[in-house]
Every structure is written in C-alpha cells, then in structure tokens.
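Q: Each chain, letter by letter, is given below.
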Amino acid sequence: MTLQLAFDVVLIVTLVTCAWAALTAPDLLRSVVLFIAFGLLLSFVWVRLQAPDVALAEAAVGSGLTGALLLSTLNVMRQKEAQIAQESTDAARESESEQEVAVAQDS
Amino acid sequence: MIGSAVLYALGGVALFGMGLYALLAYPNLLRKILGMNVMGTGAFTILIAAAYRGSDAAPDPVPHALVITGIVVSVCATGLALSLAVRIQAVTGAAYLTPDEEDAP
Amino acid sequence: MPKIADQDEVRLTAGRALLLGMSLVLTLTLAAAVLSLPEDQPRLAQVALERLPESGVGNAVTAVLLNFRGYDTLLEVAVLLLAIIGIWSVARTARVWIKRPDTPILRAFVRFVVPLMPIMAGYLLWIGADETGGAFQGGAVLGGMGILWIAAAVWLPQRGGRALLRPLLAIGLLAFLIAATWMLLARGNFFEYPPEQAKDIILIIEGAAMLSIGATLALLFVGGAPQKEESS
Amino acid sequence: MTWENSLPLLIVLTSLIPGAIIFFLREAAHGVRTVLNLVGAFSKLVLIAIMIGGLQAGVTYETRLPLLPNFDLVLRSDSLSVLFVILSASLWLVTTIYAIGYLEESPNRSRFFGFFSLCVSATMGIALAGNLITLLIFYEFLTICTYPLVVHRGTEKALRGGRTYLVYTLIGGVLLLVAVIWLHAVVGAVEFMDGGVLNGVAQSQPALFSLLYVMFVAAFGVKAALVPLHGWLPRAMVAPAPVSALLHAVAVVKAGAFGIVRITYDLYGIAVANQLGVLTPLLLITCLTIVVGSLFAIFQDDLKKRLAYSTVSQVSYIILGVALFGPIGSIGGLLHLVHQGVMKITLFFGAGNLAETLGIHKVSEMDGVGRRMPLTMAAFTVGALGMIGVPPTAGFISKWYLGSGALAANESWVIGVLVLSSLLNAAYFLPILYRAWFKEQQAPWPEEHDFGGRLETHWTLLMPPVVTGLFALLLGIVPYILRSLVEVIILKEYIG
Amino acid sequence: MTTVLPLIIVVPILAAVGAFVLPRWSFPVALVGSLATVGLAVALAIEATATGAVRHTIGGWRAPLGIDLVLDGLALVMVLLTALIGLAITLYGRGYFGRAAPETEKGRQAVYFWALWMFLWAALNALFLSGDVFNLYVTLELLGFSAVALTALADKPNVLKAAMRYLIVSLSGSLMYLTGVAFLYGGFGVLDIAQLSSLTRETPALAVAAALMTAGLAMKTALFPLHFWLPPAHANAAAPVSALLSALVVKGSFYILLRLWLEVLYPLAGTFVPQVISLLGVGAIVWGSLQAIRQTRLKLLIAYSTVAQLGYLFVLIPILALERDNTLVLGGVICFVLAHASAKAAAFLSAGNILQALNDDKLSKLDGLMRALPLTVTAFGLAGLSLVALPPSGGFVAKWLMLDVAISRGYWGLTVVIVGGGLLAAVYVMRVMGRLFKQAAQPEVLSALKPVPRVMEFSAFGLALLAIGLGFAGVYVLRLLEIGARAVAGGG
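Chains as they are written, first to last, in our numbering: chain P, 26 to 132; chain E, 3 to 107; chain H, 111 to 342; chain A, -10 to 485; chain R, 1120 to 1611.
Just chain P, same shape as in the assembly (with noise of 0.2 angstroms):
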C-alpha cells in the first residue's frame, strides 16, 4: 500500500514537474519535445487509472499529434522567422551601401 502510495506520489511528481518545464523552458523546441514527453506521462497516469482507452487516445492524438503540429508550424515559424530577419539584414545592408555611395559622392 505505502509502496503504492510512493509509486503515485512521485509519478504526480514527474507529472507536474515535466508539465512546468515544459511551459517555461527558454527555448520553445526544448518547451514542445517536453509536452510530448508530459503526454505520454500523463498517458501512463491514466493507464494507471484504469483508462487505458482514453490513455491510448492521449498518447496517439494529445500528445502525438498535438506534438507533430506543434513541432510543424515552430518549424515553419522559425523559418519565417528567418527569413524576415535576412530581409532586414539585406535592407540595412542596402541601405548602408546607399549611404556609402553618397558619401562617396559627396567627397
């Protein structure tokens, strides 16, 4: 019983802990691959309540696929991300390549 009782406590331990890791982790990567690994925690929590249909279900959609989109479109943001961040370097680059014309010319 108190072995149980050990089992739980640190099972609802993990399970909170990897939870607020995962949402406060500084890089977002870092904060999703911790929600897939919280999904499938949570999964054997419910198995561990008898609810093996809805810990199955969890651990294929809640946690698998929530975590294949999420894993996608951070992709694809930061991808974005990129790619206005060369924008801008290209157009600072352009602009400082104008200004150095003109002084050119001036001098």
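The hints are simulated quantities; they were obtained by calculation from the structure and are not laboratory data.
There's no promise every hint is true.
[To be verified] With a Cα cut of at most 30 angstroms, we get these calculated DSS-like pairs of lysine-lysine:
1. Lys294/A <-> Lys1557/R
2. Lys105/P <-> Lys1225/R
3. Lys1557/R <-> Lys146/A
4. Lys146/A <-> Lys1225/R
5. Lys1569/R <-> Lys1484/R
6. Lys1484/R <-> Lys146/A
With chain P's structure known, arrange chains E, H, A and R on it following the hints.
A: Chains E, H, A and R only, in chain P's frame:
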C-alpha cells in the same frame, strides 16, 4: 474520491493552474497554445480521477468517454490556433499579438 | 523586426509573479474543493455498466461514446470537420509543403510500415467494440499514417485525389447524421438503435468516422488546403 | 373591430399611415404626397366628428392593446382629449396646406412630410392616451419624430438646435419613465379618470406622491418649456416655419401642458393635488415663467425667437389655470390651451410668410411691411393683440377667466402678474405692429421672391394665417361654443 | 410530432456539410438549409404552444445515462430569435458575397462563409436545446470555432489578431467551463441539468464550479472587464459576421450562464458571486457606453455599444437566481436579449451597407448619407431607438420590465444605472445620427458612392423593424416563456 485518485485529481488541479498561468503570462502564441493544452489535460485528469473506483472495481466509463471527446476537441482547437498563429506571423511578422494598427477597416 | 524570441522571454517578472500568485490561489481553492468531493458518490458508473448489454457492444467506453452519449460524439465529429473548414479558411496555403522524399531510408520505412497501419487501425476499430480501442484510436492511427506518408511525400494529392478529399472528410459526420435521423424517423427517437442491430450500425458508423478522423488529423498536420507542389 | 374599440386608433392611424407611406415616395411625387396628406387630414376630422357625436350620445371609444401584463396601450376618448384632438387636427390641416406651399421646392420633402405626419400621430396619441404608459410612449414618440424636423436643414446650427432639444426632452422622458414605473410599482396599473384615481392612497404617503408629482411636472415641464426648463425652445427655432408653427405652437409645448393637466386632473385629482399642497409651488413657477418669458422676448430682434419666448410665457397660462384651485381658473386654462394654439400659429404663419416672401427674419427689418403684405400682417396683428389680451380677441377671454379664477382662489396677487405680463406682451408686440403699419420702408427687402399672381404671396401661404386669424377673432367674439365644452370637462373634474 | 426537435440541429449541419462538399452550390444549399431551419423553428413553436414543453430522449436512454434535448419556453424563444435573424443574415450574405465563383478570392470566402455560418446556426440550436452540461461544452466549442473562423474570414492583420484573441478567450473560457463540469460531476454525479437541479446544494464543489463556469462564460460573453477581445473582433469582421457575433454568438454563452443560475447554481443565490456579476454588469454599462461615445469609427462604436448592452443582461442575475419562478424578471432579461439581438444585427448590417457604399466608416465621413442611403440610415435609426430604449421598441419593453423589477424592489442604484445607460446610448446613437442628417460638406462624395444591393438594405431594414415590432410583442414573449417554466426543470 477514492484513495490515491484524490492525489491525481490534485495533480490535475495543479496542471490547470499552471496552464492558466502560462496562458496569461507569456505573449508568445505557441506558448499560450501549450498553456491551453496543459489546462485542458488538467481538467481531463480531474475527470479521470473522479471515474476511478478502486483497483478492483470497474471504473466509471462516462468520464472516460467525455475525456476522449475533450481530447479530440482540444487537438482541433490546437490545429486551428496554430494555423491562425502561422497566418498572423506571415502577415505581421510577429509570433505574438502586436497592438492594432489604426487603419480603415 | 519582431522575432519569436523577442517576446518569448520566460523570466519571472513582477507581473508574472503576481499572475503566478493568483494562479496559485486559484489552484489551492480548487484543491480544497477536490478534497471536499464525496467519496462514495455512485455517479453514473452503476447505471452505465448495468445497461451495457443493451448497447450492443462490450466496451463500456465505446458504449457511452457511440450509443448512450452518441449525440456528443456526433457533435464532436462535427467539430473535427469544422476545424478543417476553419483551418482551410484561415490558412491561405498549406503549412507543410508536400515535397519529394529526400532520404531513401525514410521512404523505405514508410513503404513498409505504412501499409501495416490501416490493418492496425481496422483491428483497433474492431476490437474497440469489446476491448480497449475504437474509432478515435483507429482514426488516430490512420492520421499518423497520413502524417508519415505526407512527411515522406509518398502521396501527392493530385486533382482527382483532391476532389475526393472533401467527401472523405465529411463521410463520418454524414454516416452519423444518416443513422441518427433514420432511427428518428423509423423508431421515433434520435439515435435509438434497435438492440439487435446496434453493434452493426455502430461498427459502420465507426468505420466511416474512422476514415474521416484519420483524414482530418492528417490534414490538421498539413495545416491548409493541400495544393500542388510549389517551389517556395 | 367595432367603432367603439377602433375609432381612437383610427384617429391616430389617419396620420401615421400616410406618414409611413410618404417616406417611400420619390421626391418628385408631389401630387401623391399632397393627396395623401390632405386625405389623412380630412379623414381625421371626419373621424373626430363621429367621435364627438358618439360622446354626446354617451358612447365611450376605447382601443386597448396589451403590451405586457398590467401594461396596456389604451387610447380613449373623453372630453379633455377631444378638446386637444380637435385643436391639433384642425391646425394640422391648415399647417399641411401651409407646408405644401412653404416647402415644395426644397430638398428632402418626403422625409419632412413623413415625420410631420408622425408628429401629428404622436400628438393624437398624447391627447387620447388613457393611461400614463400610453402617454409616456407617445411623449417619447413625439420627441423622436420632432428631431428630424428640427435638424431638417442639416446645417451646423440646426444640428446644434436639435441636439439641445434632444438633451432636454430625453432627460425629461427619462424622468417621466422613472416616475411612471415608480407609480406603477406602488399602486399598480392605473388609468386616467375624471376626478383622479389616487384619492386616499396619495394622502397616505404624501411625501412620495408629492415627489412623484414634482417628477411628472418636471418631465412635462420640459416640453411645456417651464422656466428654467425652457432653454431648448428658442434654439429649436432653426426649424422651417411650419415646424415652428405646428410643433412649437401646438404639438410639443401643448403636449407638455396637456400632460400636466392630465396628471393633475385625471391622475391625482385636483382636490388631491390641492391637499398635497403641490399646487402652490406650481403656481409660483408658472408665474415666474410668464414674467421671465416675456422679459426675454423683449430683447429678441429675431422675430421667431421673440415668438418663441412669447410661447414660453403664454403656455404657462394654461398651467396657471391648473394651479389655481377652483373651476373658473381651470376654465381659463383650458380655454387658453385652444386660444394660444390658434393665435400663436397665426403669428408663426405670418413670420414664415415674411421670411419666405421677403426674406425678413428680424424685427428691425419689418419697417413698412404692412403695406407690402396687408393680409398677412392683419392676421399677425390679430394674433399679437390676442396675446396681449385686447378684447374682442380670444386672448382676452382666457385672461378674463384666469383673473377671475385667481380672485376666486384667493390668490389676488396673480392678477398683478397677469397685468404685468400683459404690459410686457404689449412691450414686445406693439413695436412690431408699429413698425409694420406706421413706419416707412427703410431698406429694400432682404430677399424678395415673386410668386406671380395678384396676391401678396402664394395662396397656400396666405390662406392659413388668414383662416387662423379669423378663428382667433371668432373665438373672442363668440366664446360660448368652446366654453360650453370646457365647462363640461371642468365640472366633471371638480365633481368627480 | 416530437420528431422535429433533433432535425433543427441536423438540417443546418447537413447544409454546412453540403456547402463544404459542393462549393459551387454553397449558396443554394445554405439557402435551402436556412429556409428549412426557419420552417422547423416555426413548427416547433406551434408544437410547443399546443402541447407544452418537449423533452426528447436521444437514443431512448433518458437522462442521466443519455442526453436529453429540452425545448421549453426559454429555448424556444432563443431558437425563434436565431431563426429570424439567421434568415436575414443569409439573405444579406447573398448580397454581400454576390455570385463570385469559388476560384476567386471572394468566392473562396463565400464558400467558407456559408459552411461556417450553417455550422454556427447548428451550434446555436444545439446549445439552446441541450439539457446536459457536458453536451453544452461541445456545443460551446462548436459555436466558438465557427465564430472564430468566421471572424478570421476577412483576412487583414487586425482581423487575424482579433480572431486569435477571440480564439484564446473562447478556448480558455470553455476549459474553465469544462473544469466546472468536472466538479459538478464529481460533486453530484450527474450531467443532466434537470437532475442536477434537484441535487445541488451549497457545497464547496458547487461554489468552485459556479466560479469557474461563470467566469468562463462571462469571458465568452465579454462581460466587463473581460471584454477586451470583443470590440476589435466585432468591428473588423465582415458585416454579416459582425452582426452574427454581436446578435447571437455572445447570447449563446450568456444563455448557458442564465440556465445554470436558474437551474443548477441557484443554491448560491445568496452569496457574493451573483452580486459580483451584477456589479460587473454595471461596470460594463458605464465603461462600454463611455468608450462607444469616444469612438471615431462606426463599427467600433457599435461594438462598444455591444459591450455596454451586454452589461444589462448581467445586472439582474442575483434577482433571477433568487426568484426563479418570476417570469417577469426572466422576461425582462430575455426581452432585452431579443431587442439587443435584432437591433444590433440591424445596426451592424446598416454599417456594412455604409461601408460597402463609402468604403470607409469613419464618423467624420458620414455626413449627409441620409439622402444617399435613406433605407439603410432609417434602419440604423430604428435600431438606435431600440438601443436607447425609446418607445415603441423592443428595447423599451425590456427596460420597462427591468426598471419595474429594480424600482419595485427599491434598487435605486440599479435604477440610476439602467436609466443613465439609456441616456449614454442616446449620446452615441446621436453622434451617428447627427452626422447622417447633416448636409454633406462634399456632395460629390455622395454621388460617387458604390451601389449597395437591395437585398442588403432590405435585410437590415427588416431586422430594424423587428427591433421595433418587439415593442408590441412583449405579451407573446412572456407567454412563450411560461411554456414548461417549472415542469421541465422539475425532473426528467
């Protein structure tokens, strides 16, 4: 609630609170979406814990069915939210909600 | 230019500490309420398990999902279709570009694993009537297959394929609606299956729903109406 | 549907339906619009005649439409309502003819005539209202329909005038709403009855019912332009002349005065109001209004503004009759309800003619105008003399009764007020008459229009003031016709 | 005869599926769906007036195991309201989206509009008829998703951000509601509203459920100070969508809130929770009206007016929870719902017409439109009358009932707020009307207006007439509300 199910329900409550915090505290849309997902799992866990009736009795199937429905709804919500987030980033260049522009409709 | 990282600072500021405190208070209040919940509440377990034999299936969760509270599930399948419509209306383009496969290993993996998945999904569906499993789990497997397939770009939706896409997404919901309305007209109650045919009807609905769920989940991943390959 | 339960509704509808149709007419549909207006106005008069016939035979006409539990829309005929209905309906007919001549060339005519008819319907509703709620509904309805007429010209000044008007009347409306619901909450659904319905219950809670009375008077006082609630009236004078004539001589301000009459006689009961002691403050306010309105009028050079301040002063005579406890004063008040309407509309028609024909807007521009427009100015003169109270005009009759009423009520100081007011009236009207008749034309008319023909102006503009002017004279020479009706009303109120 | 009840949910879903699967036929499908749904609503009204409340046991299981659909007076009134406004929106949408082919951008939007709008209609009907707290959660999500997607349809930066904000609010509101459901189930063991009604007592679980559900639903209904998301969403969406959001969608979540306090949460009537709701309602009236007065764009002004008007819905909640049998109090709230829905839909549709003609909705550009668009301006004016609650209009009847409740119970503060709110509404309505009546500074602008399809003008005008006509329908609304008022709540 029965035995250790209470502990799990308390865990669910904690998840709900944490998710709500993340939702409110972080401007990044992806993080807000993560927060909502965690909030949802908190609610689900409370329901699953309420369904638990000890290790030797069959659990209550009704909350289980509710949670399956909830999981599917929540993945749909995530999909919709992510699409909106991508579109917003494409249009405004930011992955968070910038202040509204003063433009004509 | 604003970046993802710009606004993704997770440091604990004063404002966040306040929010955290408020969340904590809420959590503790909810926790107190959890502790006050009655221990010996019979709830609906009793009645659901008692009437399980009338439902036509042996898995209590499936019975609740597809029979006792089949109406919830009908609306849920509607939510799935709605989500796809919403995503397609919001996203101008697909989020995941369907490209030619780049690694032979991935391609080979998909070639061998993917064909197994419909079988697995069908098995889950069939077994779900009496054991753990069901349309959602089966649909999730199908969706996973779709995602892998798309990720490996084995399947490129062509014109003909795209024309079938919308009906495929809708077929689960339609099956539900037809069955429920048919029962309404034939027996006077929405969703009232005759007990002897309940299992067959449920399996047919589940089969259709599984197809739609699979397609929906895969397309959630695509994140927009699938288009032909573009060179962006 | 029988005459008994549909006649009051039909009287309202005879202007409501033409009004609603007119909105959808094209601007150029001149003929249709005129026919609709006139058919509406004439059929209304016919229906009123039927109603009067029925009333003499002892029939009560009542339309009842339940809006909510304990909340009926009631339109009912009684002597008081008939008095107001006759006045408004006949003046509507005259004003319609006038407005056709006045406005046919200007833009947005459909809109104008549409709202104009709606205003008349609202006035009819106020006259026929059988309970407070109906009175409230039509009171607000009148506010709404008048606004577009005030801002009709769409200029910055018109919009400002309209805004002021709305601010005053909406606040008055809100006050009325609260008072009505409060009363409703205390005594339930009550309907107007000769002699009042609050006898007993009002005396048991004198403070509450006095407060409610003050709220009612304040609410209707806004429309009746009691000082200090009169500020909107002069500013609303930016409206076209027919609007000023009908609405600010008859419909709006009269609706306010009529409301106070109704509340005092048929809700509280004049005896109850006297017991509550609310009549004396009312008397003081009306006297103040009479004097202050006249004082302001003296200093106006703008003709319509001078008439507006005169209205402020004159409408209070009606309420003065109410505030003087005793049948003679009451008769004077009700007589003035009609007299003031007829006289004031004559004055506004005259002012409108001067503006439309010669471009005259100011008193200082009127030198010698009597020779240019003799008929118009003759009618104007009758109206002005009536306002001063010179016999044999109608104005003399009302002032006579008010004075006697004051004596009978042991408020002889009121006679002083009446005399002072008459002097002030003379002070602002006689100079106008003097300029018009006895001075030579000094400068060319500001903006002269040629309507052709031999008349001094277009016949549709000329006929209305002449007719109403004659009426003002007639009511003074043969006062019995009207007085007998008014006496019936007042006797019922005092005997109950 | 009870067969009609589920069909009113099935038919719009079928129409939605049809509009999606057959893009070329999306409008005809939606039109047929709309007409059929309106017909079903009328059939239900006839049935319920003849036989009383209807309870349909889905699957024949009966609550608590199954889910019951309940049609009582309250639900019927809401279904009818949705049908009337829905029909107008469908007609307006035809004018708004025109006949563009699905390949064009406008045609693409049209296909999604029809599918999403039909889903929204189905969601509303399902929500009004549901007798089960969890089923209500699913209908809420259905409603929220379709509303968010409809908002985002216009695809401009402000709209997308507004849609995102709306989605976040909507989802977190639903999750709070769902957690409340978990506590209700944990505490009382059933999900059926009628059964919960006889089981609930003042326990910590009920208090927590009440707090969570009320907060979540109030957020979705944009109760001050959680209204921040509403004005940008309602102001920037396409005109028919703005009308739907303001007239019907916010009423959906409010309806659940109302039902819960009437039938499940009433043991908490004496606590501070309903008082807080009422106070926030007061805040909404004051703040929303003041903001509306400050706006310089017509649609934003109307949107802030919605924030203010929604406040009125909440101020009577404490009295309602205490006096559950008092149809007059409920009648006041429901009459307000009806009046606001029709007036606000008319106002947004009129604003849409102005926007269509002028391609702008700045107040400073509206001078003289009365001459150019008389029907539209009249529609806006009539809607304004109802918003200010001047008689005769639906708004007047509603405020009459509310003031009657407030004054007869001696709530003077509430009286002042209700009355003052009306005056503030008069100020912002007049700011618009004054402009519309004004002479145009540049008459050439008026001659360069783009044409507005007749059907758009007439649907706005029709809704405005509805707002006025409700002023004469108070008795009938109250009579409908009496249907099954207690009988259904008593038990299944």
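Q: Each hint: holds or not?
A: Verification of the hints:
no.: 1; hint: Lys294/A <-> Lys1557/R; result: 23 angstroms, holds
no.: 2; hint: Lys105/P <-> Lys1225/R; result: 27 angstroms, holds
no.: 3; hint: Lys1557/R <-> Lys146/A; result: 10 angstroms, holds
no.: 4; hint: Lys146/A <-> Lys1225/R; result: 44 angstroms, violated
no.: 5; hint: Lys1569/R <-> Lys1484/R; result: 15 angstroms, holds
no.: 6; hint: Lys1484/R <-> Lys146/A; result: 19 angstroms, holds
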